[in-house]
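Please model the entire structure based on the sequences and the hints provided.
Residues per chain, in single letters:
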Amino acid sequence: MLELKGLEKKYGRNYTAVKKMDLTIREGEFFSILGPSGCGKTTLLRMIGGFETPSQGQIIYDGKRIDPLPANQRQFNMVFQRYALFPHLSVWENLAFGLKMKKVPEIDLRTRVNEALLMVKMESFAHRGIATLSGGQQQRIALARALVNRPRVLLLDEPLSALDLKLRQQMQVELLSIQRRLKHTFIFVTHDQEEALTLSDRIAVMNGGNVEQVGTPQEIYEYPKTPFVAQFIGQVNTIEGEVKEARPDTILVSGAARRVLMVKPSRDGQRPLPVALPGTPVKILVRPEKLKVLKSAPGPEQNAIEGTLREVLYQGAVTQLFVMPRDGSAPLIVSQPNTAVTARRSFNLGDKVFVAWLPEDCLLMGREAALPVAENSVSIAPPLLTVVGPPPESSGAALA
Amino acid sequence: MLEPVEPSLRRPPLLALPAMGWFMWFLLIPLGFVVVYSLSTKGLYGGVVYHFTFENYQRATDWIYLRIFWSSVKLATLTAFSCLVIGYPMAYVMATASLRVRSALLVLVVIPFWTNFVVRAYAIKLLFGEAGPINEFALAFGLIHEPIVFANSDLSVWVGMVTNYLPFMVLPLYVALEKFDFSLLEAAKDLGAPGWKILLKVLIPMTKPGIITGTIFVFTPALGEFVIPDLLGGAKTMLMGNLITDQFVKTRDWPFGSALSMLMILVVTASLGVYLKISATENAPVDATTVED
Ligand SMILES: Nc1ncnc2c1ncn2[C@@H]1O[C@H](COP(=O)(O)OP(=O)(O)OP(=O)(O)O)[C@@H](O)[C@H]1O
Ligand SMILES: [Mg+2]
Numbered sequence: 112m113l114e115l116k117g118l119e120k121k122y123g124r125n126y127t128a129v130k131k132m133d134l135t136i137r138e139g140e141f142f143s144i145l146g147p148s149g150c151g152k153t154t155l156l157r158m159i160g161g162f163e164t165p166s167q168g169q170i171i172y173d174g175k176r177i178d179p180l181p182a183n184q185r186q187f188n189m190v191f192q193r194y195a196l197f198p199h200l201s202v203w204e205n206l207a208f209g210l211k212m213k214k215v216p217e218i219d220l221r222t223r224v225n226e227a228l229l230m231v232k233m234e235s236f237a238h239r240g241i242a243t244l245s246g247g248q249q250q251r252i253a254l255a256r257a258l259v260n261r262p263r264v265l266l267l268d269e270p271l272s273a274l275d276l277k278l279r280q281q282m283q284v285e286l287l288s289i290q291r292r293l294k295h296t297f298i299f300v301t302h303d304q305e306e307a308l309t310l311s312d313r314i315a316v317m318n319g320g321n322v323e324q325v326g327t328p329q330e331i332y333e334y335p336k337t338p339f340v341a342q343f344i345g346q347v348n349t350i351e352g353e354v355k356e357a358r359p360d361t362i363l364v365s366g367a368a369r370r371v372l373m374v375k376p377s378r379d380g381q382r383p384l385p386v387a388l389p390g391t392p393v394k395i396l397v398r399p400e401k402l403k404v405l406k407s408a409p410g411p412e413q414n415a416i417e418g419t420l421r422e423v424l425y426q427g428a429v430t431q432l433f434v435m436p437r438d439g440s441a442p443l444i445v446s447q448p449n450t451a452v453t454a455r456r457s458f459n460l461g462d463k464v465f466v467a468w469l470p471e472d473c474l475l476m477g478r479e480a481a482l483p484v485a486e487n488s489v490s491i492a493p494p495l496l497t498v499v500g501p502p503p504e505s506s507g508a509a510l511a
Numbered sequence: 011m012l013e014p015v016e017p018s019l020r021r022p023p024l025l026a027l028p029a030m031g032w033f034m035w036f037l038l039i040p041l042g043f044v045v046v047y048s049l050s051t052k053g054l055y056g057g058v059v060y061h062f063t064f065e066n067y068q069r070a071t072d073w074i075y076l077r078i079f080w081s082s083v084k085l086a087t088l089t090a091f092s093c094l095v096i097g098y099p100m101a102y103v104m105a106t107a108s109l110r111v112r113s114a115l116l117v118l119v120v121i122p123f124w125t126n127f128v129v130r131a132y133a134i135k136l137l138f139g140e141a142g143p144i145n146e147f148a149l150a151f152g153l154i155h156e157p158i159v160f161a162n163s164d165l166s167v168w169v170g171m172v173t174n175y176l177p178f179m180v181l182p183l184y185v186a187l188e189k190f191d192f193s194l195l196e197a198a199k200d201l202g203a204p205g206w207k208i209l210l211k212v213l214i215p216m217t218k219p220g221i222i223t224g225t226i227f228v229f230t231p232a233l234g235e236f237v238i239p240d241l242l243g244g245a246k247t248m249l250m251g252n253l254i255t256d257q258f259v260k261t262r263d264w265p266f267g268s269a270l271s272m273l274m275i276l277v278v279t280a281s282l283g284v285y286l287k288i289s290a291t292e293n294a295p296v297d298a299t300t301v302e303d
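For the protein sequence lines, the chains are Y and H, in the order given.
Adding 111 to a residue's 1-based position in the first sequence gives its number in our numbering.
Adding 10 to a residue's 1-based position in the second sequence gives its number in our numbering.
Hints should not be assumed to be uniformly reliable.
Claimed, not checked - Short derived list, chain Y residues pointing at chain H, Cβ under 10 Å:
1. Phe162
2. Gln192
3. Tyr194
4. His199
5. Leu210
6. Ala253
7. Leu266
Stated by the list, open to error - Keeping only pairs whose Cα atoms sit at most 27 Å apart, straight-line, the calculated BS3-like set for lysine-lysine is:
8. Y:Lys213 / H:Lys135
9. H:Lys246 / H:Lys135
10. Y:Lys211 / H:Lys207
11. H:Lys84 / H:Lys246
12. Y:Lys211 / H:Lys135
Stated by the list, open to error - Label pairs and their calculated CB-CB ranges:
13. H:Glu188 / Y:Arg261: 34 to 44 Å
14. H:Ile121 / Y:Ser235: 47 to 57 Å
15. Y:Ile171 / H:Phe192: 27 to 37 Å
16. Y:Lys131 / H:Trp206: 36 to 46 Å
17. H:Phe192 / Y:Arg378: 48 to 58 Å
Derived from the structure by calculation, the hints contain no laboratory data.
Ideal Cβ positions, reconstructed from N, Cα and C, are used throughout, including at glycine.
Here's what the structure looks like:
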C-alpha cells in the first residue's frame, strides 16, 4: 500500500504544482491519475518515483517512509513520458541494464529479459538499435525495460500519448492484460479520460494541483462530486437555474422561461440528493446519452425542454443531435446509439422537438462547486436539515 | 550516429572546390616538398641537395631522438587527459546551466583566444614567479615562510599547457553535452544505477564523440608544442617541436628537419589510430544488422 500524506510540491516561492495531497493506492491496483495539462500529474508521479523532492508531506510504502530515499533505492520503476531509452545500447542491453545494476546472475538475466520481450511481443527485436524502432515499438521496450525489474510499483507517465488511436487501443489492452497477470501496482498518468475509464481500477481526478475526486471509473462518471469532474470526464449538458422547492425525495429547480425541472436521487441510492435551500443558484448536469429526443411532450414523470433540432451528426456508433432550447439557452447535446430503429432518420433539421430525461438521471450542483451532501452523519448544519427534511438514505429507500 | 543525407539535400562537389583547392595548394603540395626534402641531403652551406637517401630517417630513429619524441608524447597525453578531467565537469555545468549563465560561461571559455598565447604564458610565469601573487599571498598569510620556486618546474609547464588547451577540450564537450538528453540520467537512476555507473555506462558513452574530438583537438597541437614548455619550463627539455624548429632555423639541416616532421606526422596518426580503435571497441553503436550470441 502506498500512502501520500499531505504531499506538496512548490516551484519557487509562490507556485504550488501539487497541493497538500492525501492519497492511498492499494497493492496490485491499476490506479490512474487523470487531469488536464499542467495540473501537476507528472510532478506527483516524479515525487513518488524519487525524481523530485517534496516540499512537504510524506510518502509511505508498506508502512515505511520512502520520501528520503533516492530513486535508485526505491523498488519502483518508471516508464517515462518520452521513453528515455538508451540510444547507445541495443534493445537487449536496454532491458538488461537494470538487472545488471542489481547484479542478477547471467542465466537469470537471460530468462528474465527474454520473458519481458515476449510479454511485449518484441522477441525478434532483441538485437536492434533503439533508433531503428518505431514509436510504438519503443514504447513497448520502455515498458519491458521497467517490467523486467519486477517493480513493486510501476509508474507510467502518459506512455501511450505518442501513439495513434489504433496502436493506442491495442497497447491499452496489452497493458491491462500484463497488469492483470503480474498483479503489480500500476500508477498511470494520463490526460485522456477515455483511457483512464477503460483501464483503471480507480481514478484520481486532478485539477490545479488538487485531487477533486477518487473513485472507480463508474463512480467518477456516474457520480461526479464536483462540476469539474462532471465536465472533464465525458460530455455533459449544463442547465442553469435556482432551487424552487426542496422536497424529501425531489428538488425542484426553476429555469429560464418558467420551466420547472426535477432532480431525484439515483435509483441505486449511490447519489443522494444534495442539501439546497430554495433560492440557491444551481446547475443541472446531464449526460448526452441520458437524453432522448421526442416528437411530443413526455409524461409529467420526466423532465422536458422544448426546442428546435439544429444539427444531426452521425458518428458511427452513435448519432449526436443538437437541440436549441426555445428560451435561447445553450444548445443541448443528445447522444443516441445507432440501433436498427434509430438508424433510420426520423427527424429533420428544424423540427420542433422535446428533449426529455428522467429526474433520477441528472445531477444537481452549485454554480461554482458541489453542493453539500448530508451523508450518514447528521452533523452538517442542523438548521439546513430541518428545511430539507429527512436524510437522503430514507428518501432513496422510499424510491426503491 | 550519422544519418544518411537525403539525396535531394546532396549538392554537387562543386561547393567543396574552394576548400579542396586551398588544401591542395597550401597543404598537400608543401607536404610533397617535405617528403622530397626528407629524402634529400643537406648541402654544404645549408641548402638542399637532391641526392636521394634514407639516411635522414635512419638518423631520426636514433635513440636520442626517440627519447625526445617520447617526452612530447608524454606531455601531450598528460595535457589531453588533464584537460578532459578538468573540462568535462565544466562542460557539464555549462550544458545544464540556465541560458544566461551558460552564455556567460561560454564567453569565459573563449576569452583566452583574445590574447596571444605567448602573452598568456608570460602571465602564468609572472603568477608563479618568486615575487608573484601566489607566493606573496601565501607569505602574507603565513602559509609559507620562503617563496616557493614554481618557475621552470613541471608544474608550471603543466599549468601553462592546460590553460592554453582547455578551451579546445571544453567546446566540443559542451556541444556533445548540450545535445544530451538528460532524462536518460533519470532513467538510469530509476533502473538502480549508482552515480558512478551512470557516468560510466550512460553519460560518457553517449558523449564519446565530444570526448574524441576534444582529445584530438588538444593532443595533436600539444604534441608539437614547445613555446610553452620553453617559457615556463626554462628550456630544459628538448621536445619534438623545438627539435624540428632548430633543424630549420639554427642548424639549417632542412632534410633532417623534414624527416623528423614526417616521423611526427606518423606518430600523430599512429597515436590517434590506436586511440580511436580503443574508444570504438567499447559500447560500439548498435545497428540493425549486428547480431550477437
Ligand atoms: N521544474 C519546474 N519548475 C517550475 N515549474 C514547473 C517545473 N516543472 C513543472 N512546473 C509547473 O508545474 C505545473 C505542473 O506541471 P506537470 O508537469 O506536473 O503537469 P502535468 O499535469 O504533467 O501536465 P501534462 O499533462 O502537460 O504533462 C505546470 O504548471 C508546470 O509549468
Ligand atoms: Mg506530464
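Each hint tested on the structure:
At a threshold of 10 Å, the smallest CB-CB gap from Y:Phe162 to chain H is about 5 Å, leaving the interface hint in force. The interface hint given for Y:Gln192 holds, since its Cβ lies 9 Å from the closest Cβ of chain H, which is under the 10 Å cut-off. About 8 Å separates the beta-carbon of Y:Tyr194 from the nearest beta-carbon of chain H, less than 10 Å, and the hint is met. Proximity of Y:His199 to chain H holds as hinted, the smallest CB-CB distance being about 5 Å (cut-off 10 Å).
A distance limit of 10 Å between C-beta atoms decides the matter here; for Y:Leu210 the minimum to chain H is near 9 Å, and the interface restraint holds. For Y:Ala253, the suggested interface contact is upheld, since its CB lies about 9 Å from the closest CB of chain H, less than 10 Å. Interface hint at Y:Leu266: satisfied, since its Cβ lies 9 Å from the closest Cβ of chain H, which is below the 10 Å cut-off. Taken as a hint, the Y:Lys213 and H:Lys135 pair is broken in the structure, with Cα atoms around 51 Å apart against an allowance of 27 Å.
For the hint pairing H:Lys246 with H:Lys135, the CA-to-CA distance comes to about 15 Å; that is within 27 Å, so the pair holds. Pair hint Y:Lys211 plus H:Lys207 holds up; C-alpha atoms about 11 Å apart against a cutoff of 27 Å. Note on H:Lys84 and H:Lys246: the hinted pairing holds, with a Cα-Cα distance of about 16 Å set against a maximum of 27 Å. Distance restraint check for Y:Lys211 and H:Lys135: the Cα-Cα separation of roughly 50 Å exceeds the 27 Å cut-off, and the hinted pair is therefore not satisfied.
The beta-carbon spacing between H:Glu188 and Y:Arg261, approximately 36 Å, falls within the hinted interval of 34 to 44 Å. Evaluation of the 47 to 57 Å hint for H:Ile121 and Y:Ser235 yields a pass: the beta carbon distance comes to about 55 Å. For the pair Y:Ile171 and H:Phe192, the supplied restraint of 27 to 37 Å holds, since their beta-carbon distance comes to about 29 Å. Checking the proposed 36 to 46 Å range against Y:Lys131 and H:Trp206 shows it holds: the Cβ atoms sit about 37 Å from each other.
Between H:Phe192 and Y:Arg378 the beta carbons are some 54 Å apart, a value that agrees with the proposed interval 48 to 58 Å.
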